[in-house]
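Read top to bottom, the protein sequences are chains A and B.
Just so we're aligned, residue 1 is where the first sequence starts under my numbering, counting upward by one.
Just so we're aligned, residue 1001 is where the second sequence starts under my numbering, counting upward by one.
A few of these clues could be false.
Simulated DEER-style distance windows between Cβ atoms [as the list claims (entries may be wrong)]:
hint, chain 1, residue 1, chain 2, residue 2, range
1, A, Val210, B, Gln1418, 31 to 39 Å
2, A, Val210, B, Lys1390, 34 to 42 Å
3, B, Glu1387, A, Ser7, 25 to 33 Å
4, A, Arg20, B, Pro1225, 23 to 31 Å
Derived EDC-like pairs (lysine to aspartate or glutamate); straight-line CA-CA distance at most 20 Å [as the list claims (entries may be wrong)]:
hint, chain 1, residue 1, chain 2, residue 2
5, B, Lys1279, B, Glu1096
6, B, Lys1354, A, Glu69
7, B, Lys1390, A, Asp309
8, A, Lys321, B, Asp1106
9, B, Lys1391, A, Glu69
10, B, Lys1056, B, Asp1273
11, B, Lys1046, B, Asp1059
12, B, Lys1013, B, Glu1173
13, B, Lys1075, B, Asp1106
14, B, Lys1210, B, Asp1177
15, A, Lys321, B, Asp1385
16, A, Lys321, B, Glu1388
17, A, Lys320, B, Glu1388
18, A, Lys321, B, Glu1247
19, A, Lys320, B, Glu1233
20, B, Lys1075, B, Asp1114
21, B, Lys1147, B, Glu1247
22, B, Lys1379, A, Glu239
23, A, Lys310, B, Glu1387
24, B, Lys1147, B, Glu1249
25, A, Lys310, B, Asp1385
26, A, Lys310, B, Glu1388
27, A, Lys320, B, Glu1173
28, B, Lys1312, B, Asp1022
29, A, Lys320, B, Asp1022
30, A, Lys320, B, Glu1387
Everything labelled a hint here was simulated from the structure, so no lab data went into it.
Glycine included, every Cβ here is placed at the ideal spot set by N, Cα and C.
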Amino acid sequence: MNGLFVSPSPHRATTMSTARIMLMVILSLLPSAIAGCVFFGPRAAAVLAVCVISCVAFEALSRKIMKREQTVSDLSAIVTGLLLGMNLPATTPLYIAVIGSFIAIVIAKQLFGGIGQNFANPALVARIVLMLSFTESMSTWVVPYWYTEAVDTTTGATPLTASWINYTESGVAYKMAPFTLGEMLWGETGGCIGETCAIALIAGGVFLIVTGIISAATPVAFIGSYALLTFIYTGSAVETLYGVLAGGLLIGAFFMATDYATTPVTTKGKIIFGLGCGLMTFIIRTFGSYPEGVSFAILLMNLLTPYIDKLTLTTPFGAKKPVKKAEEK
Amino acid sequence: MNKLNGIHLAHNKGTKKCETIDFPLPKSVIIPMSQHMGAPCDSLVKKGDEVTVGQKIGDSGAFMSAPIHSSVSGKVTDVTDYLLPNGSVCKAVVIETDGQQTVCPDLRPPVINDRQSLIAAVRDCGLTGLGGAGFPTHVKLNYDPAKTPVDTLVINAAECEPYITSDYRELMENSNDIIEGILLVQKYMGIPMCKLCIENNKPDAIELMKEKTAEIGSIDIVTLPSEYPQGAEKVIVYSATGRIVAEGELPSHQGVMVMNVSTVSHIYRYSQDGIPLVKRRITFDGDAVSENKGNYFVPIGTRVSELLAHGKAEDAKKILYGGPMMGMCLYDTEQPVTKTTNAILAFRNGELPKTTACIRCGKCVRTCPFGLMPLMIEKAYNAKDVEELKKLKVMLCMNCGCCSYACPAHRPLAEINQLAKGLIPRK
Chain A
1 MNGLFVSPSP HRATTMSTAR IMLMVILSLL PSAIAGCVFF GPRAAAVLAV
51 CVISCVAFEA LSRKIMKREQ TVSDLSAIVT GLLLGMNLPA TTPLYIAVIG
101 SFIAIVIAKQ LFGGIGQNFA NPALVARIVL MLSFTESMST WVVPYWYTEA
151 VDTTTGATPL TASWINYTES GVAYKMAPFT LGEMLWGETG GCIGETCAIA
201 LIAGGVFLIV TGIISAATPV AFIGSYALLT FIYTGSAVET LYGVLAGGLL
251 IGAFFMATDY ATTPVTTKGK IIFGLGCGLM TFIIRTFGSY PEGVSFAILL
301 MNLLTPYIDK LTLTTPFGAK KPVKKAEEK
Chain B
1001 MNKLNGIHLA HNKGTKKCET IDFPLPKSVI IPMSQHMGAP CDSLVKKGDE
1051 VTVGQKIGDS GAFMSAPIHS SVSGKVTDVT DYLLPNGSVC KAVVIETDGQ
1101 QTVCPDLRPP VINDRQSLIA AVRDCGLTGL GGAGFPTHVK LNYDPAKTPV
1151 DTLVINAAEC EPYITSDYRE LMENSNDIIE GILLVQKYMG IPMCKLCIEN
1201 NKPDAIELMK EKTAEIGSID IVTLPSEYPQ GAEKVIVYSA TGRIVAEGEL
1251 PSHQGVMVMN VSTVSHIYRY SQDGIPLVKR RITFDGDAVS ENKGNYFVPI
1301 GTRVSELLAH GKAEDAKKIL YGGPMMGMCL YDTEQPVTKT TNAILAFRNG
1351 ELPKTTACIR CGKCVRTCPF GLMPLMIEKA YNAKDVEELK KLKVMLCMNC
1401 GCCSYACPAH RPLAEINQLA KGLIPRK
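Using the sequences plus the hints, can you model the full thing?
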């Protein structure tokens, strides 16, 4: 008999694939993306669509130009596009969204070798570059349902830019949050398209943890350390909870700090990564001149990932430490 | 005690109900003079010699070897060169059967009355581990009790590979031989405790063995979780005793000896009838086999093509010695069943999914039973960084294949680990 197929063991393989993992991530992001479209209208949907389409186009184009194997079918460009769009305000001019996609896919990802090779999260890099380059557009926030009302002022504050209301009652000073807890959870606040709906983000994150796509270590360490530091600093549970639900913390902790390529491999490493992110976010939000610190925190920890990886190698089963050679007489 | 990592596989043990039957005697057999690790044997016969069942036809003076016996009676038609699946070449004896199966008149049950006579008998029997790895059994028994006293005999009946049911059938059909074999080894080797380990996907075997050993205090039945690779030596030692066989150690360094369940019962049978290892039970299965799947006693040296014809497996594209996780591919259907073959599996489709780029998901690290980091090993291998490979302890890899199996990018990580081992200079 001829034509036997010969290969080294094992002769079985999982049905999981990179594309299926990416599909799960896309599914987990959809609730929050849809919530963003409901709150911020067709304009938000347009930003998301432009980001996804241009990311996919840049991915396909750069692979073609570089004469590398086409990787567009692994769906990772869709994840990047979706994440980038969700991290932009609904009123972002569409050409800025295209520039962002170029930075994410071409500069941050493909120039470093494509999927798995980038040192920093592509969507995050793009968001930071856009924030520094187009500060005005990138910090113009519309109020939820602005598109349905014929009101003059449609711009509003985000939970992180709005000021707390100070008042005194019976001689005791109180601080009141600009948004209620219900608004914060549901997401009816100003902010980027995909970052406001806390319930949808948590649901997506839990879905990824339960299906084993991501480890709970990073989000727990990230959110936990941020909450702890904020609570110690402010002494207020309300302010702590508010801070956790505000801004990009949830989307960052569940979807960006868990990116495989740019974060540590081992659980120990993931915990260190999460703790570092929580600390940096707290420092920037509390003492920095930017209202939001999640992006910078994750980017900084992305840079440290190779070192964290080196310091958190596993100890193999039954491995012996190298014995130092006996000193020669 | 931490649980070791592993993977859950579809069991596919469709042949578990198939009682073992004798495979029809082939017209001719080809018996390689090297069937397992260790030194190859020299052929003791030449073309034209008449041989009988159980007659010694190959032996070696080397310590790490076991004699080889004829599985049939008939005439030696050739002593030829044979290409082993591992790429090296050895001699092989081709015997045309006469259909009489005349048993060698010199065979006598061995006289076993102490440790040395047991070891000598096991060597004469030509016995090697029947689980698949094929370590010569007498070498395993020949540890130095003064240096490495063994207090626990671990009997491996995990059978964690999918499809294979040959050890299960041994448990169900020959439970008395197993128990007698264990008691024989315990008595003459002076091993007080025995742990017979069975995966929990074989509840009837566990129940049967518990019932049969209820009165025997020195044999303990251990139920293992059905998780691949429970049957790997270091894993089963850890699961059964909690002891860690460290880098560079043998189980005997931890006071343990591991023996496959079919091996130990064969020792007992040999002690009774004196017939060496000339046939063995194999599981014959796979989606290319259209009929007669099951368990067979097959004379050593039977060509796999005979089995395939018996099972009408014309469109087999991938044929394996052993299970789908660690089994080795046949390059030719004329290759024979050897002492270490516990299964012949024939599949219609042999191709694996296409390899894509590593996304650093870490699945390989989380499934490795030994906590190795295959993704880092691959990087170090590509950079030919020997120091890094040593640091990553690639030599500990047992090639169980969990990493390759679990990789969503379908990278051949287990294969790379084996290639990486080759870069590290041997001491």
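Consistency of the hints with the structure:
1. A:Val210 / B:Gln1418: 31 to 39 Å: Since Val210 of chain A and Gln1418 of chain B have Cβ atoms about 35 Å apart, the given range 31 to 39 Å holds.
2. A:Val210 / B:Lys1390: 34 to 42 Å: holds (39 Å)
3. B:Glu1387 / A:Ser7: 25 to 33 Å: holds (30 Å)
4. A:Arg20 / B:Pro1225: 23 to 31 Å: Since Arg20 of chain A and Pro1225 of chain B have Cβ atoms about 27 Å apart, the given range 23 to 31 Å holds.
5. B:Lys1279 / B:Glu1096: Distance ~16 Å between Lys1279 of chain B and Glu1096 of chain B Cα, so the pair holds.
6. B:Lys1354 / A:Glu69: holds (12 Å)
7. B:Lys1390 / A:Asp309: Distance ~17 Å between Lys1390 of chain B and Asp309 of chain A Cα, so the pair holds.
8. A:Lys321 / B:Asp1106: violated (53 Å)
9. B:Lys1391 / A:Glu69: violated (33 Å)
10. B:Lys1056 / B:Asp1273: Roughly 16 Å separates the two Cα atoms, so the pair holds.
11. B:Lys1046 / B:Asp1059: holds (14 Å)
12. B:Lys1013 / B:Glu1173: holds (17 Å)
13. B:Lys1075 / B:Asp1106: Answer holds: Lys1075 of chain B to Asp1106 of chain B is near 18 Å, not above 20 Å.
14. B:Lys1210 / B:Asp1177: holds (15 Å)
15. A:Lys321 / B:Asp1385: OK: Lys321 of chain A and Asp1385 of chain B at ~19 Å, within 20 Å.
16. A:Lys321 / B:Glu1388: holds (14 Å)
17. A:Lys320 / B:Glu1388: At roughly 15 Å apart (the allowed maximum being 20 Å), Glu1388 of chain B and Lys320 of chain A satisfy the hint.
18. A:Lys321 / B:Glu1247: Answer holds: Lys321 of chain A to Glu1247 of chain B is near 10 Å, not above 20 Å.
19. A:Lys320 / B:Glu1233: holds (18 Å)
20. B:Lys1075 / B:Asp1114: Since the Cα atoms of Lys1075 of chain B and Asp1114 of chain B sit roughly 37 Å apart, the hinted pair is violated (cutoff 20 Å).
21. B:Lys1147 / B:Glu1247: holds (18 Å)
22. B:Lys1379 / A:Glu239: The given pair, whose Cα atoms are some 46 Å apart, is violated under the 20 Å limit.
23. A:Lys310 / B:Glu1387: holds (14 Å)
24. B:Lys1147 / B:Glu1249: OK: Lys1147 of chain B and Glu1249 of chain B at ~13 Å, within 20 Å.
25. A:Lys310 / B:Asp1385: Roughly 15 Å separates the two Cα atoms, so the pair holds.
26. A:Lys310 / B:Glu1388: holds (11 Å)
27. A:Lys320 / B:Glu1173: violated (42 Å)
28. B:Lys1312 / B:Asp1022: Answer holds: Lys1312 of chain B to Asp1022 of chain B is near 18 Å, not above 20 Å.
29. A:Lys320 / B:Asp1022: Violated - the C-alpha atoms of Asp1022 of chain B and Lys320 of chain A are around 48 Å apart, more than 20 Å.
30. A:Lys320 / B:Glu1387: holds (15 Å)
The structure does not agree with the numbered hints 8, 9, 20, 22, 27, 29 stated previously, though it agrees with the rest.
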